[in-house]
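K.L.:
Input sequences plus hints: build the corresponding full structure.
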Amino acid sequence: MATTSTLTSTSADAVVPRFKATERAVHWVHGGAFVVALLTGLALFYAPAEELIGHRFIVRVVHITAGLIFAIAPVLIARCGDWRAIKRDFQLAQWWDEDDRRFFSKWLSGEDVPSGRFNAGQKANMMFTLAATAFFLVSGTIMWQYFHFDANLVKNAGFLHDSLTFAILVVWLGHLWYALGNPRTRHSMRGMLTGQVKRSWAAEQHPKWLEEIEG
Amino acid sequence: MALPEDKPIGRRLFLSLSALGAGTLLFGHAFSGGGDDAGLFSDLIGQGGFQIYTVAPIPKFDPANWKLTIGGRVGNQIELTYDQLLALPSTVQQTVFHCVTGWSVANLTWEGVSLKSIVDMVQPHADAQALLFSSSDGAYTDSLTLDQASVPDVLLAYNMNGKPLPLDQGMPVRLLVPEMYGYKSIKWLNNIEFALKPVPGYWEVRGYDVDAYINKR
Chain A
1 MATTSTLTST
11 SADAVVPRFK
21 ATERAVHWVH
31 GGAFVVALLT
41 GLALFYAPAE
51 ELIGHRFIVR
61 VVHITAGLIF
71 AIAPVLIARC
81 GDWRAIKRDF
91 QLAQWWDEDD
101 RRFFSKWLSG
111 EDVPSGRFNA
121 GQKANMMFTL
131 AATAFFLVSG
141 TIMWQYFHFD
151 ANLVKNAGFL
161 HDSLTFAILV
171 VWLGHLWYAL
181 GNPRTRHSMR
191 GMLTGQVKRS
201 WAAEQHPKWL
211 EEIEG
Chain B
1 MALPEDKPIG
11 RRLFLSLSAL
21 GAGTLLFGHA
31 FSGGGDDAGL
41 FSDLIGQGGF
51 QIYTVAPIPK
61 FDPANWKLTI
71 GGRVGNQIEL
81 TYDQLLALPS
91 TVQQTVFHCV
101 TGWSVANLTW
111 EGVSLKSIVD
121 MVQPHADAQA
131 LLFSSSDGAY
141 TDSLTLDQAS
151 VPDVLLAYNM
161 NGKPLPLDQG
171 MPVRLLVPEM
181 YGYKSIKWLN
191 NIEFALKPVP
201 GYWEVRGYDV
211 DAYINKR
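Here the protein sequences line up with chains A and B, keeping their order. According to our numbering, the residues represented by the first sequence are 1 to 215, in order. According to our numbering, the residues represented by the second sequence are 1 to 217, in order.
It should be emphasised that the hints constitute simulated quantities derived from the structure, not laboratory data. Quick caveat, the model's predicted, so the values are computed rather than measured. Don't take every hint at face value.
Said to hold, decoys possible - Label-pair distances were calculated between CB atoms; the ranges are:
| no. | chain 1 | residue 1 | chain 2 | residue 2 | range |
| --- | --- | --- | --- | --- | --- |
| 1 | B | 123 | A | 169 | 53 to 61 Å |
| 2 | A | 189 | B | 60 | 49 to 57 Å |
| 3 | A | 83 | B | 8 | 15 to 23 Å |
| 4 | B | 168 | A | 17 | 51 to 59 Å |
No residue lacks a Cβ here, since even glycine has one placed at the ideal position from N, Cα and C.
P.N.:
Structure follows, in C-alpha cells:
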C-alpha cells in the first residue's frame with residue numbers, strides 16, 4: 001500500500017482528496033436552495049419580474065421553503081454526516097496566519113501568497129456566508145411571521161433581507177468567477193464535484209495544505 | 001489547531017457582520033426617517049417607492065360600464081357609476097402607505113370618499129357587523145369590521161397625488177386603510193357587502209393576519 005500511494009502522489013496527474021461527501025453535500029444543498037430562493041425572491045421583490053411571473057402565493061411558498069432548506073438543511077446534513085470535517089473547515093476559516101493577512105493586499109497587486117487548505121478569500125467567503133445565512137433566516141422569519149413582531153422590526157427585517165441579497169449577489173458572482181471562470185482556480189470545482197483535486201494544482205494553489213496532508 | 005501567531009480575523013469578520021445585521025434589525029428604522037420613507041432599494045430600482053403586487057391579471061377599466069355595488073345587510077342598496085362616485089363629497093389626506101413586506105411610501109396625497117359616509121348612506125342593518133370587499137380582478141377579497149370601517153381616514157380612494165389612480169394602483173378605486181398594512185387596501189374595488197361577520201381575505205387564508213393594524217391596539 002505504501003508503494004502505491006508513493007506512486008500516485010508522484011505521477012503527473014495524481015490526485016489528492018479535497019472534500020468529503022458531507023462537505024460536498026452541505027455545499028450543494030446550500031447552493032441549490034440559494035439559487036431557488038434567489039430566483040423566487042426576485043419574482044417576489046422585483047416588480048417587473050413579479051408582473052411577468054405572477055402566482056405570488058405559490059412563489060412565496062417556494063421561496064420560504066427554499067429559504068428554510070438554505071439555512072437549516074446544511075446544519076442537519078453536517079450533524080448527520082461528518083460533523084468534525086465541517087467544524088474543522090469553519091475553524092480554519094476563523095484563524096488567519098501571516099500569509100492570509102497579506103492575501104488581499106497582494107491580491108490587489110496581482111501576487112499570490114502561499115495558502116493552506118483555504119486561502120483568505122475563501123475564508124472570508126465562508127465567514128460572510130455563515131453570517132449572511134443566519135441573518136437571512138432571522139430576517140426572513142420575521143417577514144414571514146410578521147404579525148408576531150413590531151412594525152419597525154418588520155420593516156428593518158425587510159431592509160436587511162434586501163441588503164443581504166445585494167451583498168450575497170456580489171460575493172456569489174465572485175465565487176462563480178473563481179469556480180467556473182478563472183483558469184488558475186477553476187479546477188477547484190472538480191474538488192467540490194468529485195472530492196479530489198490534482199496534486200499539481202494543490203501544490204500551486206494550496207501549497208501549505210498539500211505539505212500538511214503529505215507531511 | 002490554530003498556531004500562536006494566527007489571528008482570529010475570520011471570527012472578527014463574522015462577529016462584525018453579525019453586529020451590523022443585529023444593529024440593522026434593531027435600529028434600522030431610526031436611520032430611515034422614522035420608518036416613513038420609501039426605503040433605499042425601492043429608490044435604487046426606480047419604482048417610485050411602490051412595488052406592485054397582484055394576484056390575478058390587472059382588470060381593464062371601462063368608465064362607461066364600471067359600477068361599484070354596495071349591498072348585503074343594508075336598508076338602502078346602492079350602485080355607483082364612476083361619475084357618481086366622483087360627485088360624492090370627497091376628502092383629501094396625506095398618509096403613509098406601509099407594505100407588510102417591509103417597504104413604505106410617505107408623502108402620498110389621496111383623494112376619495114370616506115367609507116364612513118358610505119356606511120351612513122346605505123343604512124346597515126343592526127346585525128351587520130362587517131364589510132366584505134371584492135375586486136374586479138376576480139380573485140382578491142378582504143374584509144373589515146364595521147368599527148374598523150368607520151375610522152374617519154378609511155377611504156375609497158380614486159385619486160393619488162392629484163391624479164386618477166394608475167391602473168396598477170387599482171383604477172378606478174381602491175380601499176385605503178392607512179393604519180393597516182397595505183394588503184387590506186384592496187385594489188380595483190367593485191363590490192362591498194355588509195355581512196354578519198368578517199371573512200378572511202385572499203392573503204389571510206394564506207397565512208396573513210386578519211388583524212392588519214400596523215401598531216396593534
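K.L.:
State for each hint whether it applies.
P.N.:
Structure-based check of each hint:
For residue 123 of chain B and residue 169 of chain A, the Cβ-Cβ distance of about 56 Å falls inside the hinted range of 53 to 61 Å, so the restraint holds. At about 51 Å, the beta-carbon gap between residue 189 of chain A and residue 60 of chain B stays in the expected band of 49 to 57 Å. Roughly 21 Å separates the CB atoms of residue 83 of chain A and residue 8 of chain B, a value that falls within the hinted 15 to 23 Å. Our hint of 51 to 59 Å for residue 168 of chain B and residue 17 of chain A holds, since their Cβ atoms are close to 56 Å apart.
In the structure shown, no violation is registered for any of the earlier numbered hints.
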